[in-house]
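Chemist: Sequence:
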Amino acid sequence: MIQHKWLAAEQKGAVVLVHGTGEHYGRYEHVAAYLNERGWSVFTGDLPGWGRAPGRKGHIKAFEEYLEAVDEWRRAAREAAGDGHPIYILGHSLGGLIATRYIQCYEQSKQEFAGLILTSPCLALKLAVPPWKVKLAHWLDSVWPTLAMPNGITPDMVSRDPVVQAAYQSDPLNYAKVSVRWFQELHRAMDQAWKDRERIIVPVLVLQAGDDSLIDPDAIERFAAGIHSEVEYHRWNGLRHEVLNEPEKEQVMFQVEAWMNRQAP
Numbered sequence: 001m002i003q004h005k006w007l008a009a010e011q012k013g014a015v016v017l018v019h020g021t022g023e024h025y026g027r028y029e030h031v032a033a034y035l036n037e038r039g040w041s042v043f044t045g046d047l048p049g050w051g052r053a054p055g056r057k058g059h060i061k062a063f064e065e066y067l068e069a070v071d072e073w074r075r076a077a078r079e080a081a082g083d084g085h086p087i088y089i090l091g092h093s094l095g096g097l098i099a100t101r102y103i104q105c106y107e108q109s110k111q112e113f114a115g116l117i118l119t120s121p122c123l124a125l126k127l128a129v130p131p132w133k134v135k136l137a138h139w140l141d142s143v144w145p146t147l148a149m150p151n152g153i154t155p156d157m158v159s160r161d162p163v164v165q166a167a168y169q170s171d172p173l174n175y176a177k178v179s180v181r182w183f184q185e186l187h188r189a190m191d192q193a194w195k196d197r198e199r200i201i202v203p204v205l206v207l208q209a210g211d212d213s214l215i216d217p218d219a220i221e222r223f224a225a226g227i228h229s230e231v232e233y234h235r236w237n238g239l240r241h242e243v244l245n246e247p248e249k250e251q252v253m254f255q256v257e258a259w260m261n262r263q264a265p
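Start counting the sequence shown at 1; every next residue gets the next number (our numbering).
Just so you know, not all the hints are guaranteed correct.
No more than 27 angstroms apart at the CA atoms, straight line, and that leaves these computed lysine-lysine pairs for BS3-like [said to hold, decoys possible]:
hint	residue 1	residue 2
1	Lys-133	Lys-61
2	Lys-110	Lys-177
3	Lys-195	Lys-61
4	Lys-110	Lys-5
5	Lys-5	Lys-249
6	Lys-126	Lys-61
7	Lys-177	Lys-126
The set of hints was computed from the structure by calculation and includes no laboratory data.
Turn these sequences into a full structure, and let the hints guide you.
Modeler: Now the structure itself:
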């Protein structure tokens with residue numbers, strides 16, 4: 001398991017950061033730097049199948065593999081932060097779905113985390129999957145689960161910033177395919193996340209890209225409205241999928257840090 005940490009010089013708390021599909025934790029170094037300067041240490045790593053993590057690229061046998069990775073990062077964050085400092089979990093896209101499922105499934109997370117932060121969380125895809133493709137994936141899942149297919153994400157989908165687009169395209173650690181099993185596990189996890197919304201009892205901040213071609217902003221707003229705990233939802237109109245990599249990223253990060261300060265016990 002690939003773990004990484006960025007430590008604040010004068011720590012007031014910690015953030016467990018979970019990256020998205022096909023990418024790796026290194027793409028969030030600027031986020032960690034922003035948080036470190038303000039007293040927040042960041043604990044993260046590469047999810048199974050992505051970045052420098054071992055194993056087949058773009059593939060998992062079960063979604064639980066992601067939750068186990070996050071649990072390791074959570075333990076590292078708690079050990080470093082100590083009992084007197086709050087820790088938060090921040091997930092982007094696929095990472096948002098993983099963070100949501102972690103909060104829903106791991107009982108200790110309800111005591112450990114002071115809040116859940118989601119940026120363009122993968123809880124509802126923008127484009128509906130054709131029924132024939134769903135049936136084909138279901139069949140292939142039993143006979144050829146490791147079959148890889150393009151994830152469909154292009155650089156212009158993630159950001160309006162041409163520098164970010166070029167870096168995304170040339171990054172050797174980005175991987176542009178997913179397996180049939182990954183596709184099936186993603187949809188099973190999304191369906192269950194909606195069914196288990198009442199199990200989210202920590203405060204939640206949702207920052208959704210308004211011009212998102214991957215995730216359905218209206219569906220994310222409905223998801224947020226169905227959570228029973230304290231929820232703050234913001235739609236950033238005009239921003240594309242990676243709100244933390246858009247030209248307005250400083251404003252987005254300011255909103256994240258301000259919210260954490262308000263929630264901190």
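Chemist: Taking the hints in turn, state whether each one holds.
Modeler: Verification of the supplied hints:
Restraint check: the Cα-Cα separation between Lys-133 and Lys-61 comes to about 20 angstroms, which is no more than 27 angstroms; the hinted pair holds. Note on Lys-110 and Lys-177: the hinted pairing is violated, with a Cα-Cα distance of about 34 angstroms set against a maximum of 27 angstroms. Taken as a hint, the Lys-195 and Lys-61 pair is honoured in the structure, with Cα atoms around 22 angstroms apart against an allowance of 27 angstroms. Proximity of Lys-110 to Lys-5 is assessed by CA-CA distance (about 22 angstroms); at most 27 angstroms being required, the pair is judged to hold.
Only pairs whose Cα atoms come within 27 angstroms are accepted, and Lys-5 paired with Lys-249 is accepted, the gap being roughly 21 angstroms. Between Lys-126 and Lys-61 the CA atoms are separated by roughly 25 angstroms; this keeps the pair inside 27 angstroms, and the hint holds. A distance of roughly 18 angstroms separates the Cα atoms of Lys-177 and Lys-126; the hinted pair therefore holds under the 27 angstroms criterion.
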